[in-house]
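Q: Can you make the complete structure from the sequences, with help from the hints?
Protein chains: 2
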Amino acid sequence: MLFLNACKNRNGDRPPVWLMRQAGRYLPEYRTIRATKSFVEMCTDPDVAVEVSLQPFRRFGMDAVIVFYDILFLPGVMGAPLVFTDEGPRFERPLRTSADFDRLGRADLTSLDPSKGTGAILESLRRLRREVPREAAVLGFAGAPFTLAAYLVEGRLGQGVDRMRRFLNEEPRLAHRLLELLAQATGEYLSLQAAAGADALQLFDTWAGLLDRKDYAEFALPYEKIALEAVARAGKPSILFVNGCTHILEDMAASGASVLSLDWRLPLRTARERVGAGLGLQGNLDPAALFAAPDAVRQRTSSLLDAMSSDPGYVVNLGHGVLPETPPESVEAFVEAVKARKGVRTAALDPARGLP
Amino acid sequence: MLFLNACKNRNGDRPPVWLMRQAGRYLPEYRTIRATKSFVEMCTDPDVAVEVSLQPFRRFGMDAVIVFYDILFLPGVMGAPLVFTDEGPRFERPLRTSADFDRLGRADLTSLDPSKGTGAILESLRRLRREVPREAAVLGFAGAPFTLAAYLVEGRLGQGVDRMRRFLNEEPRLAHRLLELLAQATGEYLSLQAAAGADALQLFDTWAGLLDRKDYAEFALPYEKIALEAVARAGKPSILFVNGCTHILEDMAASGASVLSLDWRLPLRTARERVGAGLGLQGNLDPAALFAAPDAVRQRTSSLLDAMSSDPGYVVNLGHGVLPETPPESVEAFVEAVKARKGVRTAALDPARGLP
Chain A
1 MLFLNACKNR
11 NGDRPPVWLM
21 RQAGRYLPEY
31 RTIRATKSFV
41 EMCTDPDVAV
51 EVSLQPFRRF
61 GMDAVIVFYD
71 ILFLPGVMGA
81 PLVFTDEGPR
91 FERPLRTSAD
101 FDRLGRADLT
111 SLDPSKGTGA
121 ILESLRRLRR
131 EVPREAAVLG
141 FAGAPFTLAA
151 YLVEGRLGQG
161 VDRMRRFLNE
171 EPRLAHRLLE
181 LLAQATGEYL
191 SLQAAAGADA
201 LQLFDTWAGL
211 LDRKDYAEFA
221 LPYEKIALEA
231 VARAGKPSIL
241 FVNGCTHILE
251 DMAASGASVL
261 SLDWRLPLRT
271 ARERVGAGLG
281 LQGNLDPAAL
291 FAAPDAVRQR
301 TSSLLDAMSS
311 DPGYVVNLGH
321 GVLPETPPES
331 VEAFVEAVKA
341 RKGVRTAALD
351 PARGLP
Chain B
1 MLFLNACKNR
11 NGDRPPVWLM
21 RQAGRYLPEY
31 RTIRATKSFV
41 EMCTDPDVAV
51 EVSLQPFRRF
61 GMDAVIVFYD
71 ILFLPGVMGA
81 PLVFTDEGPR
91 FERPLRTSAD
101 FDRLGRADLT
111 SLDPSKGTGA
121 ILESLRRLRR
131 EVPREAAVLG
141 FAGAPFTLAA
151 YLVEGRLGQG
161 VDRMRRFLNE
171 EPRLAHRLLE
181 LLAQATGEYL
191 SLQAAAGADA
201 LQLFDTWAGL
211 LDRKDYAEFA
221 LPYEKIALEA
231 VARAGKPSIL
241 FVNGCTHILE
251 DMAASGASVL
261 SLDWRLPLRT
271 ARERVGAGLG
281 LQGNLDPAAL
291 FAAPDAVRQR
301 TSSLLDAMSS
311 DPGYVVNLGH
321 GVLPETPPES
331 VEAFVEAVKA
341 RKGVRTAALD
351 PARGLP
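If you're matching them up, the sequences are chains A and B in order.
Going by this note's numbering, the first sequence opens with residue 1, and the numbers climb by one from there.
Going by this note's numbering, the second sequence opens with residue 1, and the numbers climb by one from there.
Hints are supplied without guarantee of correctness; some may be wrong.
[As the list claims (entries may be wrong)] Taking lysine to aspartate or glutamate pairs in the EDC-like style, the calculated list, with each CA pair at most 20 Å apart, reads:
#1 A:Lys37 <-> A:Asp13
#2 B:Lys214 <-> A:Asp295
#3 A:Lys342 <-> A:Asp311
#4 A:Lys214 <-> B:Asp306
#5 B:Lys214 <-> A:Asp251
#6 A:Lys214 <-> B:Glu131
No wet-lab data here; the hints were simulated from the structure.
Please read these numbers as outputs of a predicted model, since none were measured by experiment.
A: Spelled out as structure tokens, the structure:
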């Protein structure tokens, strides 16, 4: 399996390729289903979630299929009332005081009703692992404790998570209590996903890059570690994504993740020099680059491959999720440019050809 | 004047201190005025704008007074209809097509009515330079072309300026046309502010850190340079702020700015090592740190000073603007901790004392 080979630093002819948020609104077949169902219904009905997870795989044949779901269902079932609106998800009562926190319990993740709670992702993973050919990986995922806590404190997607950063300064002990609770739950949740059939697990700490290095080391990294250790105990590789991670890369490398997923601002070769060999690296085309003409997409993908295709631990991906309205032709051009590289690793190792 | 000394790498006993967005809602005397006037009225009536600019200076005695205004009035008078709502400013018709752009003209900045247009900032600067003691600097400012263009394209504050990054890929020629137009206008605008009495001019390219290095070099830096050159021709020092600038610091150093204003994620000592001597550095306490107890604020400020107070080109500031609801006592603790450092430079130069 190309994807697991990359996690073990054993890339062969070409690196594996998939895209964060590869299932979604940019696909007409997704919009057809979405026209009759809510986002929550789509995530929590395994029939639909499996279908939607498979749509991009059928069209483009990526090397990994990520289960269709949302990182916020976990805190949702832990006691924080969650609504999905046209502007995105929102927690109805943002957590800011000690009393707010006392309402948040620790869910028994195994006993949840698959049609409503986090159980749905487990059932979807079981079915996906049966339906997806063995050559492709099935991926599970969760939000990291800091990012989940930021959503809970902000209430909704915020510019710069100012409210969360304020909370860390005003109520550091309460923050640690919340993060610990989320870390334990996230670790269990990822273990259950591994047992349900996920070949690897991605942890999204999307907002942790808004912390300085000291705060990242205090409020994000220790809780990422707890969740990632649970994945390691389950015997599966893990991927850690942090958006805007240029200033904390070395700390991420110490998280225990098997693969670091990097945003588009950090050149991958620089990242490789900074973290050394051994860790996988995933990324990092700017998702906005998929709005250029297909030729330009092929060109940009080619540049990524020129730099990284001889790297034994490289996974081709975007630097963040696919954006709404992305042309499907561009996603195709991106995936095809990688698949057309069969044998390039050998070529790139030819010293006469050199590397950029 | 302490501030201008820092711009010339001639800090004496202590570095100067001021705070981005130091005038604003966190001050009760600001809220008293805001209760009877709209934000736009406050910016565009020089009587009010001067009063509000002076409020933090009277309370805390910073070393610089920045004029109260908004970066979006310039594109506003250039032909983009702008509204200020409780959620922040918004352009009513986001610019996305060629036809949208043709509506945007180049304003004759000198002839604007001071009670409505960008003329108000010039009148406020004239009065401030008369009213503020010579020991303190009066600062003007503008949004940088990329950040203004991002507002125009997004319509309003957006997470990650996805729409703008998409636009750069879909319509690069149109983007350059818009950026060029904004750069010329911004350069003239800053020159007029210099002539009106500003001692130094800050250029806010808040969102340019969301670009990778290649896109920053193509779509942000060249237009910053045009605006900053106009400041240099006017014989005044300039300050360039970019949020999230860890990956583009060396490019910013080549912008022509006299001082680089850094967000909280890049340690200032590291920044100094990367850019070398000669440039001023401003920053960079996390604004969220002002929500900690005053003792903790003093401690964090002290750490900044321990690292940087012997640096001849250092300006103490936050890493971004003061947040809403910041306790005024924390701002006081921050400013006082700097002012109490008289003579520390000599002390810090004592090798027996060392530097952290």
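Q: Now tell me, hint by hint, if it's right for this structure.
A: Hints versus structure:
{"no.": "1", "hint": "A:Lys37 <-> A:Asp13", "result": "violated (41 Å)"}
{"no.": "2", "hint": "B:Lys214 <-> A:Asp295", "result": "holds (18 Å)"}
{"no.": "3", "hint": "A:Lys342 <-> A:Asp311", "result": "holds (14 Å)"}
{"no.": "4", "hint": "A:Lys214 <-> B:Asp306", "result": "holds (17 Å)"}
{"no.": "5", "hint": "B:Lys214 <-> A:Asp251", "result": "violated (25 Å)"}
{"no.": "6", "hint": "A:Lys214 <-> B:Glu131", "result": "violated (41 Å)"}
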